[in-house]
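Participant: Spelled out, the chains give:
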Amino acid sequence: DVKVTQSSRYLVKRTGEKVFLECVQDMDHENMFWYRQDPGLGLRLIYFSYDVKMKEKGDIPEGYSVSREKKERFSLILESASTNQTSMYLCASSLARARGYTFGSGTRLTVV
Amino acid sequence: AQSVTQLDSQVPVFEEAPVELRCNYSSSVSVYLFWYVQYPNQGLQLLLKYLSGSTLVESINGFEAEFNKSQTSFHLRKPSVHISDTAEYFCAVSGGNQGGKLIFGQGTELSVKP
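Residue numbers (our numbering), protein chains in the order written: chain S, 42 to 153; chain U, 27 to 140.
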């Protein structure tokens, strides 16, 4: 089975800090995605990548950036954390769209 | 742009009762449809998917969903729920002009009571 590993389950950061959320998958998937999950809003796509060094904005990219230097690793960066970025962040990968995604366990980020 | 609407944010049911979680999507072109389940403090797991062929798809734990093209719906059903089915359920769609991206609904919280 594909494993998607997010480096932290819980994080607490201060307003204005630069925050890195790491995601690693072990099955050579081309496609990787970052979502945030908020009650009543479901999952909203922040950024995605279909290949190394490639990135595309999702529906809510403001305040975020990403890095994909290696195929297996997709990092989400909060350039200057704000309290409205307190959320659950979910990373996912897929081989092809028809197969659906495999998700990591999520990182619950609190910005104080 | 495509959208997915889950019509109920919360569904409370008693154990062994039937349940239906409703999902409608907006696209009129060929799409792939998915249901994911999220147990407390965990990531999302794929429950079942519709790609093509038979409009009725089943999961290994007794859930089924029916693709209805004319009504653009993909409702999830189970004839008899267990306490362990308590979770949040997400409907998702890919295809059309969205490429490989999944568009998710808002989620339905299923709460099974003894």
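If you're looking for bench data, these hints aren't it; they were derived computationally from the structure.
Take these hints with a grain of salt, some might be off.
Said to hold, decoys possible - As a list, the in silico DSS-like pairs of lysine-lysine whose alpha-carbon atoms are at most 30 Å apart:
| hint | chain 1 | residue 1 | chain 2 | residue 2 |
| --- | --- | --- | --- | --- |
| 1 | U | K139 | S | K98 |
| 2 | S | K94 | S | K59 |
| 3 | S | K94 | S | K54 |
| 4 | S | K44 | S | K54 |
| 5 | S | K44 | U | K95 |
| 6 | S | K112 | S | K44 |
| 7 | S | K54 | S | K96 |
| 8 | S | K112 | U | K139 |
| 9 | S | K96 | U | K139 |
| 10 | S | K59 | S | K98 |
Participant: With reference to the structure, classify each hint as holding or not holding.
Facilitator: Hint check:
no.	hint	in the structure
1	K139(U) x K98(S)	violated, 41 Å
2	K94(S) x K59(S)	holds, 21 Å
3	K94(S) x K54(S)	holds, 27 Å
4	K44(S) x K54(S)	holds, 27 Å
5	K44(S) x K95(U)	violated, 33 Å
6	K112(S) x K44(S)	holds, 14 Å
7	K54(S) x K96(S)	holds, 25 Å
8	K112(S) x K139(U)	violated, 44 Å
9	K96(S) x K139(U)	violated, 44 Å
10	K59(S) x K98(S)	holds, 19 Å
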